[in-house]
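The residues making up each chain are set out below.
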Amino acid sequence: MSTLLDFTGYKPTWCPGCGNWGIGMAMKMALVELGLSPSSVLLSFGIGCSGNMNDFVNGYAMHGLHGRAIATAVGMKLANHTLPVFAVVGDGDCYGEGGNHFLHACRGNHDIKVIIHDNRVYGLTTGQVAPTAIKGQVSKSTPSGIIEVPVDPLALAITQGATFVAQTFAGDTKHMVETIKKAYQHSGFSVVNVLQPCVTFDKKTTYQYYMQHTYKLDASYNPADKMAALGKAFEVAEEKYPLGVIFQSERKAYHMEAVTDNAVPLINQSRFLDFDALVEEFI
Amino acid sequence: MSTLLDFTGYKPTWCPGCGNWGIGMAMKMALVELGLSPSSVLLSFGIGCSGNMNDFVNGYAMHGLHGRAIATAVGMKLANHTLPVFAVVGDGDCYGEGGNHFLHACRGNHDIKVIIHDNRVYGLTTGQVAPTAIKGQVSKSTPSGIIEVPVDPLALAITQGATFVAQTFAGDTKHMVETIKKAYQHSGFSVVNVLQPCVTFDKKTTYQYYMQHTYKLDASYNPADKMAALGKAFEVAEEKYPLGVIFQSERKAYHMEAVTDNAVPLINQSRFLDFDALVEEFI
Amino acid sequence: MQFTWKIGGEAGFGIMTTGLLFSKIAARRGYHIFDFIVYPSLIRGGHNAYEVVVSDEPVSALKKDIDVLVCLNKETFDTHKHRLAPKARIIFDPEVFSPDGDSIAIPVPFTSILKELQGQVIMKNTIALGASLALLGGDLNELNSIFTKQFAKKGAEVISLNEQFAQKGFDAVVLSNKEHILSYLTKKEDKKKMVMTGSEAFAYGAVAADCRFYCAYPMTPSSGVLTSLASWGKKTGMVVRHAEDEIAVINSALGASFAGVRSAVGSSGGGFALMVEAISMSGITELPIVIYLSQRPGPATGMPTWTEQGELLFAIHAGHGEFPKIVLAPGDQQEMIELTMKAFDLADIYQVPVIVLADMLLSESHMSVPYGEIQNEVKKHIPNRGKLITTADGTYLRYAVTEDGVSPRLVPGEKNTFYQTNSYEHLENGHTTESDVERIKQVDKRAKKMKTYLASNFIAPKIIGNLQAAQTVLIGWGSTKGVASEAVKKAKENGKEIAYVHFSYMYPLNKEKVRALITDSSKKYILVENNSEGQLGKLLQMELGVSLENKIVRYDGRPLTVEQLIEKI
Amino acid sequence: MQFTWKIGGEAGFGIMTTGLLFSKIAARRGYHIFDFIVYPSLIRGGHNAYEVVVSDEPVSALKKDIDVLVCLNKETFDTHKHRLAPKARIIFDPEVFSPDGDSIAIPVPFTSILKELQGQVIMKNTIALGASLALLGGDLNELNSIFTKQFAKKGAEVISLNEQFAQKGFDAVVLSNKEHILSYLTKKEDKKKMVMTGSEAFAYGAVAADCRFYCAYPMTPSSGVLTSLASWGKKTGMVVRHAEDEIAVINSALGASFAGVRSAVGSSGGGFALMVEAISMSGITELPIVIYLSQRPGPATGMPTWTEQGELLFAIHAGHGEFPKIVLAPGDQQEMIELTMKAFDLADIYQVPVIVLADMLLSESHMSVPYGEIQNEVKKHIPNRGKLITTADGTYLRYAVTEDGVSPRLVPGEKNTFYQTNSYEHLENGHTTESDVERIKQVDKRAKKMKTYLASNFIAPKIIGNLQAAQTVLIGWGSTKGVASEAVKKAKENGKEIAYVHFSYMYPLNKEKVRALITDSSKKYILVENNSEGQLGKLLQMELGVSLENKIVRYDGRPLTVEQLIEKI
Ligand SMILES: Cc1ncc(C[n+]2csc(CCOP(=O)(O)OP(=O)(O)O)c2C)c(N)n1
Ligand SMILES: Cc1ncc(C[n+]2csc(CCOP(=O)(O)OP(=O)(O)O)c2C)c(N)n1
Ligand code: SF4
Ligand code: SF4
Ligand SMILES: [Mg+2]
Ligand SMILES: [Mg+2]
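Chains as they are written, first to last, in our numbering: chain Z, 1 to 283; chain W, 1 to 283; chain X, 1 to 569; chain U, 1 to 569.
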């Protein structure tokens, strides 16, 4: 049974007060409570302040390319589906540069837990707008305010085949831990959009802002209802942020169909040697 | 006033009976009926059987890269917003390789008319599944059937900010022409998903199939109702295909905010010469 | 004995299948074959042609004239008549057209046979095969046995229907053109052969190398690999994935490689271009990956269904920043199988990206290869995974600095330890660093790997012909091997000794081992490349300081021909 | 006179702004400056440092020792004390620590001043500036006038508050450290100067070149261009777009270019890698585009905030297939402005992609440049759009074969005609072709453009120092100009004549024009590069057959130093 300490890597370099501190802690707590150890989990990190968590949380990790953490995680899972795979990504990372991978991973229902740091900005490159930025948000790259409307990641995931879609808040560790654990328990593509204040570059979506604009879904809410789930997703546009599991459904995870012999992970399968079975077609 | 002939380029090389013949004809008819001429329209073609239309329909055209026709069209429109811009793309092109551009062009509401040849396959590369393929579809790249569920392009567009989302059928020239004309009249990102039989590589979604599974939205349908529109989009999953304008809303097109002086297209604006106004910050 | 059989017709009417059947039958009859496909970048309409050279010796390039031309339409005759050999046989349908000129007309009543047996247009191919076999002194058994195999699922009826059409074509020749029948295809005892393309050879090599993850996005002329590996998937257990784009393709493959399985990807220039960023990541993370790059004429979309060797320097320099990389370029199908197995070993041993360069000519042409030899090689092959380890203690350092530059690579999952692989510059333990000292350590370590490779695994160019005796020496790489080898033979027939220095270990180059072969001042060296810039020439200049004055290049999308080489010698 | 002022403190506390203010003040006082920023790839925490060399002559590189060190924390002193000059002044807060060693202590009561005026930590910077000006014999007017400008929006209160803190710092020195005050910054009459980074210089050059569309995705160290151009957008009317990814970036730019406006994009190695496919498209469609590539240490994510010249060969070979491309590498801010204007002209004249290579050192360091000269150049610049035309008759051929290889390019929209630009190989009219003859025509036509360029627009390397007299000649490119020029000066001071051959027109190279400069057997040539492989050396070998034995390289992410060069000479 491992402890928080086992998962604790280098001292974080995040800005004091950054929402990432909470997310990092929640990740570690969830992993501990799930009875995992740094040796029994695969982590795929994007590039960003979010991705910098690679040095702060222990595990078998790959700190890959900006925007590609999901694509990388897909390969990890298919190669060894006995290990849980988490992708820790930024909103620019996942919805901007990596938008296409996110879209198609939803369709594939790859059994990956994606933790998205939704902070509305490109933190590590000093604050340009992310695709989650509210229309009109001013930044170095958009001095007159961003023209695009924000991406709707929840609706995107729900409509394109993701089977677990949740939202949580970096200011509520307990809720994050619960949500990450639920994502882990779900088999299939699991989206956890974490509302994360960037204290340095986004003066609007602060902790106070989210305290006022978030609310928790109660027991009466039925995440199996796709239309209702979309209704919840659309509330975000009115700056109302539901927290909890917004949508959940059942579908075989990708590796269960793609890995021929599911009982054994690809990496442990015995080598194919029946070459004669292949060459017939060449004769 | 130009004629069909003015828009008619080389003889198409599409397979006899291919849905592209109808789409090509509808494009030309629509352009004629809109009073446009090959000199007054910008066309951005993707790479595919669909994109091969570049040699068959006349206009100021760019036959760019596979998956990038929308990105290219975005630049065309911003450089000269007085000309209408059409993007003619394949479903692999637009939803696969180019999925990220599609997603973000919806957010930006770029005034581009996107005509998507939805034929469920990668025609030009001999029939591998496109992201629109129905789960289980067998192809050279998916001999055991595709694992992913199909992309839901209509819902994707509706939820991510597109302001005009329509569906039409390659077997119904009149309906295609009407729909393309409506897209033209709309200011903003206009998605026209054309259900197109690939007679060579997809034996399921034939003309007959679509005759049976499509229906036209009637006057009672209100495309301004986002939730209703999503309901329609979801019918596709049950192999029911609504034809017509599924969703429409109003929002400033991107170039109206991005081009500082809207009265004059970027290309015709007078050169900026007040250099002294810039260098103050360096002193 | 060597002859060319060629069939042409409208695109989309089974010309490819027919040509391949002919190649297989010739191989089954005991002959060597090499074939080449001509098709436009569209699915139907336009002209398709399929050309097969049959020989009693190994053959690796097309020959000048056509001995038997099967015309499924008039265009075929018009397009190819200028290449007809004296006494060439023309199989055609008298109801469609009649060939002019003095070649030998072999009329076959395609149309009426179709009417009679109420077959679809596609059946013309079967008739053509029957007629061809008759004309060349073959018999129908091989063809019929192939039908039996091919249409097994479709049932006995389909099989016998095909047999009937073949028979009709066969009879048409035997009955009314006996006097023109040749004996080219009379059964000959010879080693069993396989007929495969370069892409199939790569796929087969990848299976033999125990590659377990192949990811691709279709792109001509590389898609053959995806098709083959996908079709074998259920048997081999390999996970074969058609991803959303090429960036996903290579990043997933690197994820799988990190998790410990051998992984490969494939594409052509455009798709490869999208992988360049991740190739650089493979460099710094030291994750093995094999990349199949099948070239076609560029730039950009270019000429998708034609051939060129225009991406040697691009492949070598692909990736931002400085890092090691290995580039191989097999010259034919058999070499493709060998070098593919080798590529996976080198990727694992040096933990680097290995690019296997091919082109449309190699990827899509079929060649007959010795069944026994290859099956032996494949079966005795034991993958060398280098310093891959499955256990380590807590102090495991992923990027430990070592003598040879290679660090032990632990398969994730081992208990009681963990590590990260990192696209940032890193400490030996994998954590991010900006230290000048650590940076230098890691750059030097990565560079060291290639020094080790050059000393331990680099293989010097193959020599074809007699280098000592040769006054003129051709220098080429990859698929030029085929035409250059034929040129060496041809020259010898003409009483001239020439040799060919064949590069397949393209980069990095071992200066000493290579220089010796191409710097004898008493010889005339001629660079032979299927591109416009003479890229191997530039590479030799850059890496060895050797500059070659003479070159023969071709860049119209067509393969180099033996005649083109001979005439310039 | 030359001295170095350096300030250090915790990341995220305004070190950058403070350093820049110091640079500007020094420039306003009539001095030349060059500065360099050190910051980790994270937003807060970690150590930031900002170093400014001030000189009464033009200066383009750091010098060895530090004359004034402002320590906002103890780490600053510990990290940099080994570089302190004899008699160096240390500004520090006695309440935090006291410097050891024999340099001159200038205690300033930061903490108590903050308390007294109830200011935030960030105000330490203002105090530091006041103290520094006092210590260097400056006065507070320049600083205050900058405050007035900078905080205009924030109002008089903020301005006076800042003035008060500056005054406190100033007084602290004047009152208790009069004896150590230097006269380095006493007002000096000199030409008006601008203080800008290489990225700002590119941005300024792009505006001067009438670029109307700039598209980018943020990436260190190239983002400065996006920031500047975006901030100027309302004034200049340029459309500046932060797109979803780098692939969108370049494809949109090419769309805009097709529509007729000058377009540019910018990134660092990783983002540039994603643009490679489209660069190839620019090649075959013959659409002009300017690409700003600011290098950082790779591979992959590498060391994002440090410097390296590791992508010369990558940039030159970027793109699949064979096509023309021009690569330029300015050596400093002024050259950046000139070459950027030139880049847009060359892109238009030859209808090719033009890459402007920079690196973190050039992109993010500030240098003082002559205001008058540059404003003149910029104002008299008239963009040369080459064969861009706005009218044509119906028989217009987009890819007409011409003498110089360049075809007239019609701006879409012209009545009574139309055409397509095509990423497939094409006929002169732009339509897709697979014809061998047409293919050759177009390949040759595209290649011809570079022959024309080499004859008409290529410019030979600049010589710095006296090439005739020099026994030792340094050879370098891009940002190495700064340090190499200083080395030439320094050597002269030591009584040694050396020269520097500065490459900025990197590719293609005019063999004749270049060879002469670097092949005098009586001289010793030394290659100087900020990378590990000596990429310019490889390029010269490949393109000119010139091989350089001696090289000085640095690849730890830090810039080359004058000392490093001098000692090796
Ligand atoms: C291909 C590529 N483009 C750009 C960058 C530069 N870059 C590094 S982090 C980043 C964005 C970070 O924003 P986000 O993903 O939202 O993460 P955050 O820092 O906000 O947590 C960018 C653009 C890169 N590393 N690679
Ligand atoms: C980057 C890149 N990858 C792959 C290809 C090869 N390719 C050409 S067309 C095509 C797909 C065509 O499918 P789709 O877009 O659906 O168009 P369709 O032919 O079905 O109309 C592909 C994969 C390419 N040209 N460029
Ligand atoms: S910049 Fe923003 S996101 Fe990044 S560490 Fe600081 S507060 Fe957090
Ligand atoms: S392959 Fe399919 S899509 Fe392409 S032309 Fe033929 S029928 Fe049409
Ligand atoms: Mg972010
Ligand atoms: Mg399609």
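In short, the hints are calculated from the structure, not lab data.
Just to be clear, a hint being listed does not mean it is correct.
[What the hints assert, rightly or not] Keeping only pairs whose Cα atoms sit at most 20 Å apart, straight-line, the calculated EDC-like set for lysine to aspartate or glutamate is:
(1) Lys181/W - Glu33/W
(2) Lys235/U - Glu281/W
(3) Lys153/X - Glu163/X
(4) Lys538/X - Glu414/U
Here is what the structure says about each hint:
For the hint pairing Lys181/W with Glu33/W, the CA-to-CA distance comes to about 8 Å; that is within 20 Å, so the pair holds. With a CA separation close to 14 Å, the supplied pair Lys235/U and Glu281/W stays within the 20 Å bound. Pair hint Lys153/X plus Glu163/X holds up; C-alpha atoms about 16 Å apart against a cutoff of 20 Å. Restraint check for Lys538/X and Glu414/U: the C-alpha separation of about 43 Å exceeds 20 Å, so the hint is violated.
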